[in-house]
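Participant: For reference, the chains in residue letters:
There are 8 protein chains.
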Amino acid sequence: MSEIELIKLLQLYKNGQIDDSEILETISQLPYKDLGCAKLDTHRGLRCGVEEVIFCPGKIPEHLQSICKAAANMTGLCIFTRVSSDQAQLILKELPEANYYKDAAIIAVNIVEQDKLEGIAIVTGGTSDIRVAEEAAITAELMGNRVERIYDVGAAGIHRLFPYLDTLRKANAIVVVAGMEGALVTVVGGLVSAPVIAVPTSVGYGANLGGMTTLLSMLNSCVPGVSVVNIDNGFGGGVSAHLINRKVHGKK
Amino acid sequence: MSEIELIKLLQLYKNGQIDDSEILETISQLPYKDLGCAKLDTHRGLRCGVEEVIFCPGKIPEHLQSICKAAANMTGLCIFTRVSSDQAQLILKELPEANYYKDAAIIAVNIVEQDKLEGIAIVTGGTSDIRVAEEAAITAELMGNRVERIYDVGAAGIHRLFPYLDTLRKANAIVVVAGMEGALVTVVGGLVSAPVIAVPTSVGYGANLGGMTTLLSMLNSCVPGVSVVNIDNGFGGGVSAHLINRKVHGKK
Amino acid sequence: MSEIELIKLLQLYKNGQIDDSEILETISQLPYKDLGCAKLDTHRGLRCGVEEVIFCPGKIPEHLQSICKAAANMTGLCIFTRVSSDQAQLILKELPEANYYKDAAIIAVNIVEQDKLEGIAIVTGGTSDIRVAEEAAITAELMGNRVERIYDVGAAGIHRLFPYLDTLRKANAIVVVAGMEGALVTVVGGLVSAPVIAVPTSVGYGANLGGMTTLLSMLNSCVPGVSVVNIDNGFGGGVSAHLINRKVHGKK
Amino acid sequence: MSEIELIKLLQLYKNGQIDDSEILETISQLPYKDLGCAKLDTHRGLRCGVEEVIFCPGKIPEHLQSICKAAANMTGLCIFTRVSSDQAQLILKELPEANYYKDAAIIAVNIVEQDKLEGIAIVTGGTSDIRVAEEAAITAELMGNRVERIYDVGAAGIHRLFPYLDTLRKANAIVVVAGMEGALVTVVGGLVSAPVIAVPTSVGYGANLGGMTTLLSMLNSCVPGVSVVNIDNGFGGGVSAHLINRKVHGKK
Amino acid sequence: MSEIELIKLLQLYKNGQIDDSEILETISQLPYKDLGCAKLDTHRGLRCGVEEVIFCPGKIPEHLQSICKAAANMTGLCIFTRVSSDQAQLILKELPEANYYKDAAIIAVNIVEQDKLEGIAIVTGGTSDIRVAEEAAITAELMGNRVERIYDVGAAGIHRLFPYLDTLRKANAIVVVAGMEGALVTVVGGLVSAPVIAVPTSVGYGANLGGMTTLLSMLNSCVPGVSVVNIDNGFGGGVSAHLINRKVHGKK
Amino acid sequence: MSEIELIKLLQLYKNGQIDDSEILETISQLPYKDLGCAKLDTHRGLRCGVEEVIFCPGKIPEHLQSICKAAANMTGLCIFTRVSSDQAQLILKELPEANYYKDAAIIAVNIVEQDKLEGIAIVTGGTSDIRVAEEAAITAELMGNRVERIYDVGAAGIHRLFPYLDTLRKANAIVVVAGMEGALVTVVGGLVSAPVIAVPTSVGYGANLGGMTTLLSMLNSCVPGVSVVNIDNGFGGGVSAHLINRKVHGKK
Amino acid sequence: MSEIELIKLLQLYKNGQIDDSEILETISQLPYKDLGCAKLDTHRGLRCGVEEVIFCPGKIPEHLQSICKAAANMTGLCIFTRVSSDQAQLILKELPEANYYKDAAIIAVNIVEQDKLEGIAIVTGGTSDIRVAEEAAITAELMGNRVERIYDVGAAGIHRLFPYLDTLRKANAIVVVAGMEGALVTVVGGLVSAPVIAVPTSVGYGANLGGMTTLLSMLNSCVPGVSVVNIDNGFGGGVSAHLINRKVHGKK
Amino acid sequence: MSEIELIKLLQLYKNGQIDDSEILETISQLPYKDLGCAKLDTHRGLRCGVEEVIFCPGKIPEHLQSICKAAANMTGLCIFTRVSSDQAQLILKELPEANYYKDAAIIAVNIVEQDKLEGIAIVTGGTSDIRVAEEAAITAELMGNRVERIYDVGAAGIHRLFPYLDTLRKANAIVVVAGMEGALVTVVGGLVSAPVIAVPTSVGYGANLGGMTTLLSMLNSCVPGVSVVNIDNGFGGGVSAHLINRKVHGKK
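Residue numbers (my numbering), protein chains in the order written: chain A, 1 to 252; chain B, 1 to 252; chain C, 1 to 252; chain D, 1 to 252; chain E, 1 to 252; chain F, 1 to 252; chain G, 1 to 252; chain H, 1 to 252.
Simulated from the structure, these hints should not be mistaken for lab results. For each residue, glycine too, the CB sits at the ideal point set by N, CA and C. Possibly wrong hints are sitting among the right ones.
[Unchecked claim] Only part of the chain B face toward chain A is listed, based on derived beta-carbon distances under 7 Å: (1) GLY49; (2) PRO224; (3) VAL239; (4) ILE244; (5) VAL248.
[To be verified] Each pair of labels, with its calculated beta carbon distance range: (6) E/GLN114 - H/GLN65: 51 to 57 Å; (7) F/TYR100 - E/LEU35: 53 to 59 Å; (8) E/GLN114 - H/ASN15: 45 to 51 Å; (9) G/PRO57 - B/PRO61: 46 to 52 Å; (10) B/GLN89 - H/PRO96: 30 to 36 Å; (11) G/ILE60 - B/GLN89: 56 to 62 Å; (12) B/PRO57 - D/ASN110: 29 to 35 Å; (13) G/SER84 - A/LYS170: 53 to 59 Å; (14) F/SER84 - H/GLN65: 22 to 28 Å; (15) F/GLY76 - H/MET74: 48 to 54 Å; (16) C/MET74 - G/SER84: 49 to 55 Å; (17) C/ILE60 - H/PRO57: 48 to 54 Å; (18) B/GLN65 - H/ASP115: 31 to 37 Å; (19) E/GLN65 - A/PHE162: 50 to 56 Å.
Isolated chain A, as found in the complex (with noise of 0.2 Å):
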């Protein structure tokens, strides 16, 4: 339901064309798709700038099926994240004509066709790190923005980094994914002025404590200006990038 609609409704109230009953029926019922199991979000594409996004692990699987057979019948974007090989088979079958991002383990289906915001870099540590960076890629991408990929340069050479300086300082965000200590976030950091999303990943043993280490590292950061994301959420270092970008491009 768009603000328009919504306004609409209220003066229809107003002008007793409809009752108590029916306006709080409507305003219930209208922006979300009630599935059982689910009750998908239609309404935040225009409320939050993001679309109703699945998250996988866990989901029982007619549970899922159910969530794509409703997302058959919807005509906006809907992405699928962490999606697991058994449950792309499952989503595949149900959505034939959804795209699969592999390395991303996203899947998604209704994706627009737009001409791509410039603004967004996404760098890496290491070589392990580009699971969790595509991730965040491939969802600013469907989310309409052209992204740079800078992928290992990390830390301890720092002189893989310094080719890439002019891109970097021409980004609207900068999304820093690395594990281990984090300390490229640090160091990119000092050399810009975009905001830095931080996305520690898992990457690393022992004393990583699963990516904590990582975590609590970036968010002691000494430089300011870098926020930063949970553990190998690529998907959320994506969105805030993009919600900063197609801010500067002069969405709403």
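The hints should help you fit chains B, C, D, E, F, G and H onto chain A, whose structure is shown.
Facilitator: Just chains B, C, D, E, F, G and H now, with coordinates in the frame of chain A:
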């Protein structure tokens, strides 16, 4: 040293007007001011869009004094954060013209008069979060932004937030400052399309673990587009919002 | 042994009809069934309002088998929780008349036909929380309550919750099952006057720490009247709601 | 704003007696009192069965003062919790008619004279847990309940608990306040059929981890029907017991 | 090398019958058996009252094989603990005369026939704790003690423990094996005067944190006279009880 | 109430000399002294071999005073532990004949003159561990044991321990008090056949985590026969050694 | 690019033989090899004394393949660490001439024949620590050092260490690899004057917390001169020893 | 006792010039000085290359006094670390000739005049890390090394480090002292071939967790050749660097 000066310097070297040792010395010495105990990064404003900031806790008084004396001879904005009462007295003695924002524990000198950029809103869950929120607000204001303050609208009484939805939807960046379970971040993030910077506070007790629970909770928000800074890090929240807002206003 | 039987026994002793050793033996042996490996607490239903429940993980198959054989000879309700597929096969072979609730991983025998007590609502944040919610729901139902299921109404799209406010406000006890940051607990708790039992789930990843973040977050909810059970402990949530509901309905 | 007033308001709007902007302004402004630094949720009593409560730690004195002045003009019960000695002095100066419960660190104004509802028992493991127990007891009493106090009956000398079994079995809700390993919760929970609210205290040292051990231990109690609130959260324990008790007594 | 042999050796050296290098070589080489990958401490039985024990997890199969071959040529008791099925097969192939205690995951060779010393009781909270309890029991029995097993008498149904009070009060050392909140330790410790060795198990889930909660809880027991070993460390519990019992029976 | 008295009481009841309510009242009231705020377990000495002990931290002064007054009228040993300077003053005023052991922070009254039982050794790693060691030593001495003190023999200079090997090997129970990495426990445990009670201290800093590191380290000692009590819990260490030693000396 | 080449390049630029864009391009591109997914730091050997090392976990097979192909065309030593069986197969197919050290999970190509530098000893506490020790040993050997292996000399039987004291005292750097409580580090550190690199292993269970306890314990060793690397980080331990040893042998 | 004296002693024994009890007494008593409360390890300098060091926190004043009196009669260097102001006063009264290094919180007596060994550099991230850095620097200097101090060159402004690259590359051991995310360690480690000793500081707040984040981050540095000491352990960092440097200079 501005970018233009840097280019000039390289050309002088190329033309043989300065030799190897001169150019190395210049590049090495220029962009910071060496006080022995400290090396002020005078170049940061140009590079990162944020001036050098002095984080005060743990500083030996003599070192803080040296930094004040150096700041007195500089022309750019200089911000002291987390100033204790004792340190405030010391700093204000050295820099009597400085402004002291007591609730925010900030002291600033060489404040630039300028038109403020619209676009930042700062929201708190409770009254006890205001100190941290003020650190964010003063930081963003000193850097040239106008800030909308929306305080004490926590998720326990969600209707208190609704009158401000319009203000929130106009913002380019929203800083949400909350303690305890930090649910306000999810509620706000689910209603707007602006990027949300979450600042967890250490307000709470027991299983709040000095703010760690709030921090972890915010990192796990089921709303995408939320990124998080360190506990009580109002300064970092303010800077992130500032960097986004200046990009939206077309600054490099 | 009912309370009446206990009083009778004490009087027999007082009257000299049974001697020291007899009363001690009777009291010591009656209220549980000793299987060697296990001592089934057959007295719990009378004492606590909840029958003996078999927590299955880690049980050696032979021990589980003994317990099944004992249960076959008992008359009261007997619930097996956290049943793995292998264990389900073993139990159903021993107790072919038992009911198997697969999504809830519960098996029950000697189910009592009875009028259900109204008054329990179970709410989930997402679709992935349904397994835990079903453990709570089946538990409460087996113990004689009617359960209202309200699934996938998480705080990211708060409007999905509103149509159910009326149902929630009629409940005597509300179980909120959620993962990630668990903000739904605060939102629900802020809208109703029923006691809220929060069940954190391990749905999430990274800084979710296997549900610890959700657990800690719920414990710090800024809404009073929320109490919390262990991670994924749908059973405990169901029992707490049951104990409240039966008190409201006047049971001792 | 009561429910009846809300319905009236909607009808006025429908009849055209108030227009769009008026209804929005009314709904937006009515249910809380805006003090700038704070927004008192005056509507909570009706909505949640618990009046607005002021959590005092970390409040800037000027803000606390504003809240007191507002409270002086309100008619409903107003409770200040976790009051420090300094804050107590400030509050009592503004609200000289208020009651100060020092052991519980609570101050209350506008206390309602009413018949107390029977049905709450509060139990402590040791003498050192009494401060937290009193916070629970005073809270429940202020909200209209009668409280049975059973103090220092910890599991190390379990026979001290037995004389109180009868009292415990009559309760509608039992609050167990204990530190260290919190075993009292399991012992009590195994003997009664009332819902048990466990309040871990920070009494202990070393591996007690400021109460975290007690909290975790209680969450893992092998007795079902136990739910837990935050460490030292006597207030929360008291409210949960109150919400259960009022439901049992047939209040909405 | 016995103490007598050691004294002889020193006298030979003093009398000049052996020289510097000889005595050093003898002392250095005698008390263990060097297998390259392992150095079996053949002297431990004399020194510590406990023979060399082989902790099996993580051992490379070839190394385990070497140890078996060495054990085959030794005369003292040799215990392999935490034996996996694969390792059991390997060990039993090398040492076909060895005894395999499957529930305890222990294999032993060179078992000494001897009169068992009375005085050890082993208690479990639930049926799922039996594996760990058996590790303790078999360990203590192999070292020459008689063990009273009292299983499934957890604190949720405390009356199941009472028939065994007499047995417990006769014990010289009591090993309490329990998971979840471990309250059984406090209950037992409050009823007896024997030293209690608490063995936390990893039975539980969620906030049990793999047994850390049980461990911490037991360390905070409000009953003095309880000491604790590592999670699931039945072996350590058995050895501690054995060392106490043999002292009581007058062994050095 | 001694065991004999208990038997008498039961026979009176059987003979009809006392009735239902009388026996219940007697059993319920006898074994502790009810002070309202506290219920002194006067029966513990008989039951557990350890008298009632007053853990002082967090006690409200009035409550401590009541306990002192009660103790003045009791005949058995009464120990106050963790006494702060303020509390010491209060206690000594009420109980002027009490003994104050300042380094151990213990006050004791009604000390029994008796022959001390040989057999306990207490060892510390460093000088900073002595406060905790003294708590253990004074506790064990007050309960009737002779204690050998061996202080400052930490593993960094292992030769300092060797002169005491003979003393250690004669002990029935050894208490090892150490901070930092606690390696002394492993070294001592590898040289003796007595049970070792490890007391981790909070001596250290940073990654010592207030003693948690020492505690965890000791729990993971590669030497079997070591059991552990809470951080800085000298009292618990002393009691465990006492319980072992009295068993060795044939006490029940 | 060697240092000499770098100086030449700068002079060409100064002499005008190369221009601005050329020098930037050269500096930017030379010191690493860009494979798209990876940027091999071919300059590290010169800069850091350690060649580029490929950390294998988490690498997408295609990426690992690209790295192998690049390595095939390089001349310097290239080490793959933490190679899984599957990865080993892939790497050895691409680089059939490579050496596979299975216990150490290392594959190396372009191994340099050279005289080994004496001076490194590697010590383990138990047999289960050997995998990690071998990672350290092979690493140090591949980089040109001779390694003395002293395995299974843990602190539980300290006499097993003494025959090796002479070897240890001759070493320039000692790597101590141990699990559980890691006491061996303190014992070794207290006997030698060489710097000790401690490598905690994840050998242990329960409160060992996957090696965190060993790590923390080692960091708190009461012996100075011990420094620590990550859990199971044999590679890091080997490199640190190598860097020390080559300095002692006068390498830059 | 030097090694030569030890050999002499053994020969006296062999020749019958001293008997069993004499040699045992001599060996047992010589290498430390027994003060009752403390046993000074006077032999450590010879054995470990580091003299006995007195760690002051938690010492009872009388004990510290005894140690001072003993130190006054010794001839070797004696260092007191972590001296509080009160303790400094006490020590300087006993040892008026001692040197007090206030910023480093170190007091030293019997300082040896000697030529300093070149080769140690100490680097800090910020000004607030200087206290810890000075502890490292003074320690290394007292033990005979010359120290290059490079302060406030943190990774947020990496250009401040470059002028010191030459100094760093000449060092035999580099101590990096940093707080927050500790990224400086990775940056330095990626530029030099000297072994790097990382000293995390507790500078930071919130998710810094008292330095644990910095510690964990440094342990996960993606640069090999970095080893880490405890939080704020400047002393340990200084000793490790000293042990490396003296090996490079050919000392045993």
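Participant: Run every hint past the structure and note whether it holds.
Facilitator: Do the hints match the structure? See the list:
Given the 7 Å rule on beta carbons, the hint for B/GLY49 holds: about 3 Å separates it from the nearest Cβ of chain A. The closest approach between the C-beta of B/PRO224 and any C-beta of chain A is roughly 4 Å, which is under the 7 Å cut-off, so the hint is satisfied. Because the smallest distance between the Cβ of B/VAL239 and any Cβ of chain A comes to about 4 Å, under 7 Å, the interface hint for this residue holds. Annotation: B/ILE244 was flagged as interfacial toward chain A, and the flag holds, the nearest CB pair being 5 Å apart, inside 7 Å.
For B/VAL248, the interface hint holds, since its Cβ comes within 7 Å of a Cβ in chain A; the closest pair sits about 5 Å apart. Taking the beta carbon of each, E/GLN114 and H/GLN65 are about 55 Å apart, inside 51 to 57 Å as hinted. Checked against the given bound of 53 to 59 Å, the beta carbons of F/TYR100 and E/LEU35, roughly 57 Å apart, stay inside it. Checked against the hint of 45 to 51 Å, the pair E/GLN114 and H/ASN15 passes, with Cβ atoms roughly 47 Å apart.
The hint said 46 to 52 Å for the Cβ distance between G/PRO57 and B/PRO61, and at roughly 48 Å that hint holds. Restraint check, B/GLN89 to H/PRO96: a C-beta distance of roughly 35 Å satisfies the suggested window 30 to 36 Å. The supplied range of 56 to 62 Å is met by G/ILE60 and B/GLN89, whose beta-carbon atoms lie about 58 Å from each other. Checked against the hint of 29 to 35 Å, the pair B/PRO57 and D/ASN110 fails, with Cβ atoms roughly 42 Å apart.
G/SER84 and A/LYS170 have their C-beta atoms about 40 Å apart, which leaves the hinted 53 to 59 Å range violated. Checked against the hint of 22 to 28 Å, the C-beta distance between F/SER84 and H/GLN65 comes to roughly 24 Å, which is consistent with it. With their beta carbons about 49 Å apart, F/GLY76 and H/MET74 fall inside the hinted range of 48 to 54 Å. Between C/MET74 and G/SER84 the beta carbons are some 51 Å apart, a value that agrees with the proposed interval 49 to 55 Å.
A hinted range of 48 to 54 Å for the beta carbons of C/ILE60 and H/PRO57 is consistent with their spacing of about 50 Å. Here the CB-CB span from B/GLN65 to H/ASP115 is close to 36 Å, well matched to the stated 31 to 37 Å. With their beta carbons about 54 Å apart, E/GLN65 and A/PHE162 fall inside the hinted range of 50 to 56 Å.
When each numbered hint is compared with the structure, violations occur for hints 12 and 13.
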